[in-house]
Amino acid sequence: MIALAPSLVTALLLCASSVVARADPHTARRVAVYCASATAVLSIGLPLIPAVTSFALRWPPGLTVVVLPDGTARNVLVTTCAAGLLVVAMSPLASHPPATLARILRILAVSTGYLAVRHAVPAAVLWALSAWLVWSELRERDEGDGLHRLFAAYHLPSVLLFGAGTALTAIGAPTVGAVAMALGVLIRFAALPVHGWYPRFVERAPLGLVVAFGAVPIGMLTHLDSLTAWLPAPPAHGLALIGGLTAVVAALFGVVQNAPRRALAYLRMSQMGLIVFGVGGESPISVSGAVLTWQVSVLALSGFTMTLAALEARRGPLTLATPGGNLTHTPQLAGAFLLCGLATVGFPLSGGFAGEHLLVHGSVARFPLFWIALTVAVGINGMTVMRCFFALFGGSRTHHGERDLLPVEAYALTLVVGALLIGGVLPGVH
Amino acid sequence: MNADAQRYLLLSVVALPLGAFVFLGVLAWWGRRRTERTVSAVVVSAFGLAAASALVLACAAAGGAPVVTASAGTWFEVGGYGFHLVFAGDGLSLPFAALAALLCSLIGAFSHRYLHREPGHLRFYLLLALFGAGAQLVVLAGALECAFAGWELAGLASALLIAFFHERRRPVEHGLRAFLTYRACDVGLLAAVVWLHHTTGASTVVVAPDGGPVVFRPPADPRDAALIGLALLWASMGKAAQVPLGGWLPRAMEGPTPSSAVFYGALSVSLGPYLLLRTESIWAGPSAVGAAIIAVGALTAVHATVVGRAQTDIKSALAYASMTQIGVIMVEVGLGLRHLAVVHLIAHAVLRSAQILRSPSLIHDHHRLEQAIGRPLPRTGRHLERLVPRTAQLWLYRYALERGYFDAWLTDHVVGGLVRLVRRVDALDDRWARWLGTAGAPAAPVPVLGTEPTGHPEGAETASGTVTAAGGGEWRP
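Which chain is which? The protein sequence lines are R and Z, in order.
Heads up: the first sequence begins at 1 in the numbering used here, then just goes up one per residue.
Heads up: the second sequence begins at 1 in the numbering used here, then just goes up one per residue.
Just so you know, not all the hints are guaranteed correct.
[To be verified] Beyond 12 Å from chain R on every Cβ pair, some chain Z residues (computed): (1) A52; (2) V56; (3) A109; (4) V207.
[Stated by the list, open to error] What the simulated footprint calls covered on chain R by chain Z, stretch by stretch (three residues with Cβ under 8 Å from a Cβ of chain Z suffice, anywhere in the stretch; the number is not a length): (5) 371–378; (6) 395–403.
Because the hints were derived from the structure by calculation, they are not lab data.
Beta carbons are placed, not taken as given, at the ideal position from N, Cα and C, and that holds for glycine.
Let the hints inform the model, and build the full structure from the sequences given.
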């Protein structure tokens, strides 16, 4: 199946990336924001036209052409485009030069490319391509910390496993293939115990890149439905348990950190673990919860991550060891940080509440004791968010001179925070 | 009054404070400046109207009108599981809702002068509206999920108001401490909601056949009921500041006096016993839950009264006095003295709120009184000193000064041990990642890209932070 709207979005992002790569930093940012806004408008506006949503062309034989992907993938396009807009609007110029911004757009194009071509072989190629794009950025930035080597040490096996899984599935061994693919996915999701690359990646890499790379597996999740369908029950149960364990352990690791980026890494890991748990849980309620959690997570975690990036760009190195901020002068930044963080951990009045509630509830029958650990993980993640907020925006009389949100940042954050709050009232699960 | 009018009135009790919060929140986000008078008028009017609605319904209920229930629809639903926005007004919830709205309205009016020209004036009212909406959600919840949503909102507003004077470090640390305690206990409520729904298929109230208060349907198996009851008790212990989790309450007095009055004198600490009263039908069967509630309440009452006597500042003394009374109310709840508990809860809320509001001027009056009579005011409580042996007095005094050692025990041994262990494992994990990244590569200085190199064994000063009880038991690096 080929979906035209994601193809158009992909083409737009690729065109913009080639312009951005050659422009000066300010022009690059402007072009990127225009392009991301256009993709967001497209992804939100097209589903509102009935003729577009019902369009389907079954020609040439064996290939279906539609304007929009169906089912869950439709929301994936919107969330990916919104996250993309947030990333390009909020990436600090100092740590995100035009080349990096262009690479971020290409990674986003890979993500929407998944939605354009719903087939296993292109998915495997795009999977590898996204990893390569990130690796090449890290290698260019190599400052002796070996981050690109660490990244390659995990992602080369991930790509190989995913590719081998795809090939095995194609030649008629879907069970073995699904297990191989699941292992590749687990590495990409930084599940325990193959998570070693992730905290360091979030600590050292540009945060825009982290968010964009995090958006890629979202496309992959649309394939996870079929992945779990092929997986026999024991491995699927194991997949869910690994996800749940990751959620709990990462939550514990996150709350004790003194470096905000490292805390963020574990918070992201914990959320990804929850999503894997929900998808592997097989109960319709937990799968719905996982899908909703992932949609909210993309927006909320992206907002949380990018406000942290903006604050870091304004203030320099940050620490959670002692409260050292003053929110009086940056109320919008502080408000956005708190709202996105709380939405991430499923606070009431945000979309995440419905998702995490369903996720926990759906797991009760299948995991009679483990669901309590999940509620603990959700609670601890809330502590991490609040600890970050209090440490970064309170406890100091001094004002470091940082300014509040720039208009372009306020524009992107207003859209995302608005979507999270509206999603809180109308979660869209019925 | 017809049934529809009653339903709209009931919904308005929750919707008005929530509407005020949303209105002020949108203004705050866009940085639109409004006068202090406008801001306070919005909140005071919202709570005033909500109080009027609740009072009308309470009067109707006192006149023998049937229980009012109102549904605001289904928020989300998957398969057989749905989250229903149901509210219930009965003999228990309506007086409490009226009290909550009335107190919030009065505090709002009082704060207009008290916080005049305070930089966080709008923030205060925003949080007061959020708290009021959360408290009304808990009080009027006809589904346990609604109560959970309100519970979380009230906790968040409470923590943010403790940290209201955010330019000082202490309020921020104390706000965080309160939030951590709340969040740890909220897990109990979430678990209770999920388990109740799982075992009974629903978590909404049903109207009792005799027209009495609405009740939750208990699970068929008494063990499930006991588990849910204990989870609810755990949730209540956090909000009601019961032993051993009550260390946040005296610290919470760092917030503005009006918010201390309405939160820690009146409503917030009362939500714990209220939740137990509301869910009594679930846990009343198994005797273990009742016994646990009595034990927790009695321990708290004894502990708080001993510690409260050694406090040297008025707000801490009042905090421990609140804790004592809430402990006694918990005992009443556990004993099944439902009506006594409700009357005690409401009376305590009103009186303690007034006492805390009065506290800033009390010391001034105290000095004037001493000057007028020409000598220090006589000490009270001598009868207790006569009853307790001298050696026990000294031990009790030390116990009171150290606040029962609970905070030190919690932070050093319970949380601290876990934190140290997790940090050690994290350091090992990071060492492994660095080895993978640099194996076979030439050694080079590790640059910092917008962050400090924490989490490394070498960066010991930040990576190996510990949790100590020093300085009041905060998290310290």
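Hint by hint, here is what the structure shows:
| no. | hint | in the structure |
| --- | --- | --- |
| 1 | A52 | 25 Å, holds |
| 2 | V56 | 27 Å, holds |
| 3 | A109 | 25 Å, holds |
| 4 | V207 | 25 Å, holds |
| 5 | 371–378 | holds (count 5) |
| 6 | 395–403 | holds (count 3) |
The earlier numbered hints are all upheld by this structure, with none contradicted.
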